[in-house]
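Colleague: Each chain, written out:
There are 2 protein chains.
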Amino acid sequence: MYTLYSMQRSGNCYKARLALAQLGIAYDIVDLDLLKGETRTPEFLAMNPSGRVPVLEVAPGRYLSESNAILWYIAGGTPLAPEDRIDRTTALQWMFFEQNSLEPYLGAAFFWLTVVKGGRELQMHALEDWMEKGYQAFGVMEKHLATNDFFAAGHYTIADIALYGYTHLAHECDFELEAFPAIRAWLNRIVDQPGHVPMDWHPAAEAVE
Amino acid sequence: MYTLYSMQRSGNCYKARLALAQLGIAYDIVDLDLLKGETRTPEFLAMNPSGRVPVLEVAPGRYLSESNAILWYIAGGTPLAPEDRIDRTTALQWMFFEQNSLEPYLGAAFFWLTVVKGGRELQMHALEDWMEKGYQAFGVMEKHLATNDFFAAGHYTIADIALYGYTHLAHECDFELEAFPAIRAWLNRIVDQPGHVPMDWHPAAEAVE
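Heads up: the sequence lines are chains A and B, in that order. When we follow numbering that gives the first Met the number 0, the leftmost residue of the first sequence carries the number 0, and every step to the right adds one. When we follow numbering that gives the first Met the number 0, the leftmost residue of the second sequence carries the number 0, and every step to the right adds one.
Please keep in mind that the hints were generated in silico from the structure rather than gathered at the bench. Just to be clear, a hint being listed does not mean it is correct.
For chains that are exact copies, the list does not tell them apart, and a pair is met inside one copy or across any two.
What the hints assert, rightly or not - Listed below are the simulated DMTMM-like cross-link pairs for lysine to aspartate or glutamate, each with C-alpha atoms no more than 25 Å apart in a straight line:
| hint | residue 1 | residue 2 |
| --- | --- | --- |
| 1 | Lys132 | Glu120 |
| 2 | Lys35 | Glu120 |
| 3 | Lys142 | Glu177 |
| 4 | Lys35 | Asp128 |
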C-alpha cells in the first residue's frame, strides 16, 4: 500500500489526495507540519532532498516527489492520464505551466497569507509581484477555458487536478476571480466530477466514521 | 516539418534545439527577439497565450508550448524519453523540479545579467533571492549526482537535457560551481553525449556551411 507524506493545508498535497480518492486507491497518510520543521528532519530529507511535500512511498524505501510527477504515477493507465501523443503533451504543457507560472505565486500567497501567522506583514514586499504574476497566469487559463471545458484531451484529466490545486484557493489569498468567468465555471465543473473530495477531506476521517 | 519559434539566448529554447539535434530531426526555425516585443505580438499570443518561447508547431496551426512538454513530444518513443512507470515518473519529477525550483531563479539571473543591458542594476533587489534559491536547487542536484551519473532511468534522458538548459549557464550569471563537483562532472558527461551541440549552435548555420 502507498504511503503519502502530506500537509493538509497544501494545494500540492491536495492534488495527490484528490487523485487517489477519485481513483479509489487506498493509502496510508503521514501528516507533516512544515511550520514545525517536520519536512527538514534528516529522515525526511533522506526521502526527498528538496524537503517538500507531497512525497509518495510506492514501495519500501522508494519515494517519489513533485506533486505533478506523482499525479502521472498514480493515474498512469487510467483516463485521467492521457497517453495519446498530442493529448499527453497538452496535459504536460499545462502541468509545467502550473509549476512555473501559477504555483510559485499563488502557492506562496496562500502559504504566507493563510498558513503562517503574521505572514502578510513578513511578505508585504513580495505580495504585489505574486498578485501580478498570479493574475497573468489566470489570464492565460481564462483564454483557454473560454473555448474548452477542460485543459487537455477534451475531458477531465490530471492537468485539471494540477491547476485546481491552488486555483480553487485563490479567494482565500486576496485573488478576485470576478473577471474570470470561464475559470469560475471550470472550478464548478471540477467539483462536479465523480468522487471529488474537498481539500479539507482527510482519509483518516473515513476510518473514524 | 516542425517549426520551432525560438530565442537563441534562452536555456529553455536550447533544450528543444539540443533534443532535435541529437535525435536528427529536421525543422525550420523562427528566431524571435523578446527584447523587441516579438513574443508579445497578437500573432505570437495566438500561438501561445503565455507569450513565451519555445513554441513548436507540429502541424499547421497546432502549437505546443512549455519547453519540458516539448521535450516529451519530440523524444517520445526514443530512449531519451523513458516509458517504464518508475523511470518516467523520475524523469518527470526532475523536470518539474527544474521548472519550479531552478529555472525561475537561474533563468531570471541569466536573463537579467546577460541578456538585458543594465539588467543587474534593475534587478539588484531580487538577485540575492535568486542566488540563494538557485544554490538550494544545486544542493539537491549535487546530492542526487553524487551517487547517480544521470537524473533518471540510469542513462541520458530529457530530464538531463531539461536540467542542463540553465545549469550549464550558471557561470555566466554569478553562480560558482566550485562546491558542486558532481554537477561539474555531470555537465562534462552531457557534453560527451553523441550529437551534442552547444547553445550558440544554430540550425541555419549548417545550411550556410
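Colleague: Among all the numbered hints in the text so far, which are the ones the structure does not match?
Modeller: none
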